[in-house]
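Peer 1: Going down the list, the protein sequences come from chains X and W.
Heads up: the first sequence at position 64 corresponds to 64 in our numbering, and the numbers run straight through without jumps.
Each number in our numbering comes from the position in the second sequence (counting from 1) with 100 added on.
It is worth saying that the hints were derived from the structure and are not from the lab.
Predicted, not measured: the structure shown is a model, and the values here were computed from it.
One or more hints might be untrue.
[Stated by the list, open to error] When the alpha-carbon atoms are kept at most 20 Å apart in a straight line, the in silico EDC-like pairs for lysine to aspartate or glutamate are as follows: (1) K216/W to D28/X; (2) K11/X to E98/X; (3) K216/W to E22/X.
[As the list claims (entries may be wrong)] Ranges of calculated distance between the beta carbons of each label pair, as one might list FRET restraints: (4) T100/X to T141/W: 40 to 48 Å; (5) P161/W to Q73/X: 35 to 43 Å; (6) P43/X to T225/W: 22 to 30 Å; (7) A163/W to E22/X: 15 to 23 Å; (8) T94/X to A163/W: 46 to 54 Å; (9) S122/W to D19/X: 31 to 39 Å; (10) E97/X to R107/W: 41 to 49 Å.
Cβ atoms here follow ideal geometry from the backbone N, Cα and C, with glycine treated the same way.
Listed below are the residues making up each chain.
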Amino acid sequence: MAEIALGQKYKLLRKIGNDVNEDGSQADPLPTGWVGEVIAFSPADELGASHHDGDCWVLSFPVPAIDYGPDGQPFMTQVSRNIAVSAAELDDPTTYEEVT
Amino acid sequence: MAGQFSRLGKSRGLDAVDGRVSVSTYTPFIALNSTAPTDSTLGGEYTATGYARQSVAFSAPTAADPPVTSNSGGLTFGPFTANTGATLSYASLMNAVSGGAATTDMYAWWTLTTAKTPANGDSATVAVGAITLSYTV
Numbered sequence: 001m002a003e004i005a006l007g008q009k010y011k012l013l014r015k016i017g018n019d020v021n022e023d024g025s026q027a028d029p030l031p032t033g034w035v036g037e038v039i040a041f042s043p044a045d046e047l048g049a050s051h052h053d054g055d056c057w058v059l060s061f062p063v064p065a066i067d068y069g070p071d072g073q074p075f076m077t078q079v080s081r082n083i084a085v086s087a088a089e090l091d092d093p094t095t096y097e098e099v100t
Numbered sequence: 101m102a103g104q105f106s107r108l109g110k111s112r113g114l115d116a117v118d119g120r121v122s123v124s125t126y127t128p129f130i131a132l133n134s135t136a137p138t139d140s141t142l143g144g145e146y147t148a149t150g151y152a153r154q155s156v157a158f159s160a161p162t163a164a165d166p167p168v169t170s171n172s173g174g175l176t177f178g179p180f181t182a183n184t185g186a187t188l189s190y191a192s193l194m195n196a197v198s199g200g201a202a203t204t205d206m207y208a209w210w211t212l213t214t215a216k217t218p219a220n221g222d223s224a225t226v227a228v229g230a231i232t233l234s235y236t237v
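Please take these sequences and the hints and turn them into a complete structure.
Peer 2: In structure tokens:
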């Protein structure tokens, strides 16, 4: 298993998540090709970025977004989208590829 | 949905106004909770695989009195890929992407307008302007 460190980047090799939520509301899957950066580690006994299987890493994907200035005018910005993943998931070659 | 300040959030507001200590900027995160926070205790945080707190930006307070601030960008949590089943009913404002305590790290909390029980692969979104904060006194 490759060593995981803060700042390490991973590329998604397959889409994760549903296109539409079970209740019919809009879903927002993570698309193939997105690159995320490891920004935090969350121990299993710590509240917060949680992973049912125990210790996890927080992978942050940069996402373009529209924001509005004080004058109400829109402008492009970037937000992050965080997911929690286990070391085993990051090591799954069908899902993630380490970016060097 | 209108939120309410935790005891820590109220104290931070007082400090900002009375100048007792300097109040610095920080990166705020929204956490989702299955059980209710209180002004002095954390709620039970959602724990499905894939869940993590999301960073949030707030707009400048409105010109109204009392002024209101709200999230200036949309948020997406998930997709949640395993161990779902709990219901998302509350949200809280935290100062870190993980960990923390109510007395030192939670500034406000909300009861979600619509509770949601995500299924495997679902995600949860928060629309722009949906999270609001305002003083009620």
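Peer 1: All the hints need checking, so say for each whether the structure fits it.
Peer 2: Okay, the hints, checked on the actual structure:
1. A C-alpha spacing of about 15 Å is found between K216/W and D28/X, which places the hinted pair at or below 20 Å, so the restraint holds.
2. For the hint pairing K11/X with E98/X, the CA-to-CA distance comes to about 6 Å; that is within 20 Å, so the pair holds.
3. Proximity of K216/W to E22/X is assessed by CA-CA distance (about 11 Å); at most 20 Å being required, the pair is judged to hold.
4. The beta-carbon spacing between T100/X and T141/W, approximately 44 Å, falls within the hinted interval of 40 to 48 Å.
5. A hinted range of 35 to 43 Å is violated for the C-beta pair P161/W and Q73/X, which are about 18 Å apart.
6. Between P43/X and T225/W the beta carbon distance is about 28 Å. The supplied range of 22 to 30 Å therefore holds.
7. Against the hinted window of 15 to 23 Å, the Cβ-Cβ separation of A163/W and E22/X comes to about 41 Å, which falls outside the hint.
8. Look at T94/X against A163/W: about 53 Å separates their beta carbons, and that is inside 46 to 54 Å.
9. Distance hint check for S122/W and D19/X: the Cβ-Cβ separation is about 47 Å, which falls outside the suggested range of 31 to 39 Å.
10. Taking 41 to 49 Å as the suggested C-beta distance range, the pair E97/X and R107/W conforms, at roughly 46 Å.
In the structure shown, a violation is registered for the earlier hints numbered 5, 7 and 9, in ascending order.
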